[in-house]
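Visitor: So the chains spell out like this:
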Amino acid sequence: MVMDLIVGLIPLAPLSGFLLIALLNKQLRHWLVALIACSAVLVSFVLTVVLFFAMGEDLPSFNYTAFEWITAGNFSVSYSLLADPLSVLMMLIITGVGFLIHVYSAGYMHGDDGFNRFFAYLNLFIFFMLLLVMGSNYLLMFVGWEGVGLCSYLLIGFWFKNTEYNNAAKKAFIMNRIGDVGLILGVIMIFIQFGSLSYPDVFQQASEMTAGSTVLTTITILLFIGAIGKSAQIPLYTWLPDAMAGPTPVSALIHAATMVTAGVYMVARNNILYSLSPFTLDLIVIIGVATALLAATIAVAQNDIKKVLAYSTVSQLGLMFLALGLGAYTSGIFHMTTHAFFKALLFLGAGSVIHGMSGEQDIRNMGGLRKYLPITFITFLIGTLAISGLPPFAGFFSKDEILANAFAGNKIAWGLAFLASLLTAFYMFRLFFLTFSGSVRANETVKHHIHESPSTMTVPLVVLAFLSVTGGFIGIPAVFGGGHALNEFLSPVFAGSAQLQEPHHLSHTAELMLMGVVVGVTLIVIWLAHNLYVKRKRLPAPDGVSLGTFHRLIYNKYYVDETYDRAIVRPMNFTSKAVDAVVERLLIDRIVNSTGRVVTWGGRTLRHLQTGNTGFYIFAMVVSIIVLLMVKTFV
Amino acid sequence: MNDSVSQAIQGVPLNYYIWLSTALFVIGVLGVLYRRNAIIIFMCIELMLNAVNLLMVAFSAYHGDGAGQVFVFFIMAVAAAEVAVGLAILIVIHYNTRSTDINVLNKLKW
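Protein chains in written order, with the numbering used here: chain A, 1 to 635; chain B, 1 to 110.
Heads up, a few of these hints could be off.
The calculated label-pair distances, taken between Cβ atoms and stated as ranges, are [to be verified]:
{"hint": "1", "chain 1": "A", "residue 1": "Q610", "chain 2": "B", "residue 2": "F73", "range": "35 to 43 Å"}
{"hint": "2", "chain 1": "B", "residue 1": "R36", "chain 2": "A", "residue 2": "Q610", "range": "15 to 23 Å"}
{"hint": "3", "chain 1": "B", "residue 1": "V83", "chain 2": "A", "residue 2": "R590", "range": "53 to 61 Å"}
{"hint": "4", "chain 1": "B", "residue 1": "V83", "chain 2": "A", "residue 2": "V631", "range": "27 to 35 Å"}
A few chain B residues that don't get close to chain A, going by computed Cβ distances all over 12 Å [to be verified]:
{"hint": "5", "residue": "S4"}
{"hint": "6", "residue": "Y17"}
{"hint": "7", "residue": "I18"}
{"hint": "8", "residue": "M43"}
{"hint": "9", "residue": "A51"}
{"hint": "10", "residue": "N53"}
{"hint": "11", "residue": "L54"}
{"hint": "12", "residue": "A58"}
{"hint": "13", "residue": "H63"}
{"hint": "14", "residue": "G64"}
{"hint": "15", "residue": "Q69"}
{"hint": "16", "residue": "A81"}
{"hint": "17", "residue": "A88"}
{"hint": "18", "residue": "V92"}
Hint data in this document are derived by calculation from the structure and do not stem from the laboratory. Think of the CB as a built atom: it goes at the ideal place given N, C-alpha and C, for glycine as much as any other residue.
Just chain B, with the same shape it has in the complex:
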């Protein structure tokens, strides 16, 4: 079973994974930079995390080393926790400002 998944992954050339991950990551970065809606920014962060996850799984399969996949599980667990906290913050922000626009949050300055 393990072998078949590994073989299925290796059925696609490694370069493709790298390109796909890079594309996903750049989309994430650009999203974070351009969008003002906090929820979208949040989603873009998740996108970057998952781009890295994908790359890690690919490398793990190609190298025959399970460590990469273990890391992926860690990242997923931490990301889940982070989402819980982050969404809670977002709800409070929305509760206070009636908006999720990050440019409204400009009170903390000199």
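If we strip away everything but chain A, and leave its shape as in the complex, we get:
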């Protein structure tokens, strides 16, 4: 009973926060709105922590059905919330990191006209994200999935007076819709195949099916298309870098820590289906590795501090999918968790830098901020070390686990993922050095204003930095004598698929050597970046300078946006115009217009009957009555 209440209240708290702020938008003062929004998420977080400790070994998962949502014939869907290790972990990340980002936003958005609207959207986002991970059937997950997409759209286009930002929002929305078509088709196929949309029913029935069957492969590919859209993988990743148009806390919360990992969650949730579809797993490996590498190379040549981080997110998501594709679901979720910490930290750090630099985002105009923003400097350094995968920071454990799995499972994938991880270290330190070391390159007015952010912004940074250092300790590998607490915690969720796949085992010496090589080469790469950007004080070329062929290619993001524009957008516009000219104007418009013309003509003819002569009307009436009577009598 108490558990029912806790589980039911977790998503309701941010929803009521949203309703309160949205309905009383104009009446509430800014500090009150910030208080409401933050405490709504804090309530969820505290309840989630209580839930986490309440769920011991005696209660591995808990299902709370509030009411029947849809009942039609043999189709029934209930509003039921699931609390099992996987969803509780997600909820901890969403509400925990979400709370920190809410607090940070109170400082970052200070003085913005849309302050109240911003917090209403943020709370709504938290609600939908919780619904996504807590829903215990596919339809409820889909509601959350679409809801977070909506919030993402609203928040990317938050400053809606800027046309470019609006276009970015629309791009994100449309790209996500493409993926969502796959997802909903997958859900429909699941219903046709299994006759139910509830997770336990589907997983129970699926585990009895033969591996590699066409139906399962189709379902998993369709669901994965949804994940491609939401989690920004090739070929639908181009919306994420553009999504940086939104306020920086949004980038941290939605486009780094939580929403974009929904695809990872969804695949992990359906681990049984995926483990039974080897073909889909291979596809996920290919797409994951390709995305990781492609995005990492693009990030090397970007000059916008947020764009670099955005491509880095795409790349890290690729690594997570690589882990999922190898059947190492725990590793994928592990990396997702640590990534939520250090990438949120990096984005918030970037936000602090942008805040201090009066809105400047180009790293060519930064430099030397170490003196001015000491707290941001330290925390950003921790985040950079964590994402580069140096021990003992969080990223080391999770990334190393993925690389170890890749080494055991697929050597080519390992090589490419290793390369991507080296590139990550390089571009992150390039970003770090260009921003914080050297001399200040900003102009005098900006330089005069540089200031450390207020404590509402620095405290979340410090907390996230702490998590980025310690977050990896939940998954200490056996080599270091760790029990891998996360593995233990999540094992009930992945028990079904664990039976299907024998895990890849590396000998401890091989694993240690692998770690040594990875860390060693990463250190060399960092030294290289230091050499280039600190010692030789190299700066990225200013706009307009001609670049080398490959440099130009990655600077322009492989011209993917341009290719899409040529291959899809323009043909689509052309077709629309053609259809408009032929079907719309020649067919539909003609039919509509002729109908109107016939009626007009009829009216114009018949109006001559209206003479205005009362005697005539009476005569017509009498004659008509006589005619009617005659007809009635004789016919």
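Add chain B to chain A, keeping to what the hints say.
Guide: Leaving out everything else, chain B in the frame of chain A:
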């Protein structure tokens, strides 16, 4: 009493009633068609209504069925209401046009 009225009505052959009613009705119709004075037209309408009433009472008596007479009371009540409304309209028309000639009312046309 009821019987004596009924017998008195039946004292006249039914055909006579039909002829009389038809004559009254046709006079009414012709009056409506030919006259231009709104008050006369109104009176002719009343004439038609009462022609029907007469016929109904006659049939009612011959058939020994009271329903016809009940209908007559309805028609009389409705006709009274109609007269009230109609005369009010006529007064307004006269007030505005200083005439009761219906051919003056020819403004409502295309």
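Visitor: Over 12 Å from every CB of chain A: does A51(B) meet that, or does the non-interface label fail?
Guide: Fine: 15 Å to the nearest Cβ keeps A51(B) off the interface.
Visitor: For the hint 27 to 35 Å, verify it against the beta carbon of V83(B) and that of V631(A).
Guide: holds, 31 Å
Visitor: Report holds if the minimum CB distance from M43(B) to chain A is greater than 12 Å, and violated otherwise.
Guide: holds, 14 Å
Visitor: Was Y17(B) rightly flagged as not at the interface, with every chain A Cβ beyond 12 Å?
Guide: holds, 20 Å
Visitor: Lying within 35 to 43 Å: is that true of the beta-carbon distance Q610(A) to F73(B)?
Guide: Check passed, 38 Å falls within 35 to 43 Å.
Visitor: Should the hint that V83(B) and R590(A) are 53 to 61 Å apart at their CB atoms be regarded as holding?
Guide: Taking Cβ atoms as reference, V83(B) and R590(A) lie about 55 Å apart, which means the hint holds.
Visitor: Say whether it holds or is violated: A88(B) keeps its Cβ farther than 12 Å from all Cβ of chain A.
Guide: A88(B) clear of chain A: closest Cβ-Cβ about 18 Å, beyond 12 Å.
Visitor: In terms of Cβ atoms, is chain A entirely out of 12 Å range of A58(B)?
Guide: holds, 21 Å
Visitor: Verify that the Cβ of L54(B) lies farther than 12 Å from every Cβ atom of chain A, and report whether the claim holds or is violated.
Guide: It holds; L54(B) is separated from chain A by about 19 Å at its closest Cβ, greater than 12 Å.
Visitor: Would S4(B) pass as off the interface with chain A, using Cβ distances and a cut of 12 Å?
Guide: holds, 36 Å
Visitor: So is A81(B) really clear of chain A, every C-beta pair being over 12 Å apart?
Guide: For A81(B), whose nearest Cβ neighbour in chain A is about 21 Å away, the distance exceeds 12 Å, so it holds.
Visitor: Is the nearest Cβ of chain A still more than 12 Å from the Cβ of N53(B)?
Guide: holds, 18 Å
The structure shown violates none of the earlier numbered hints.
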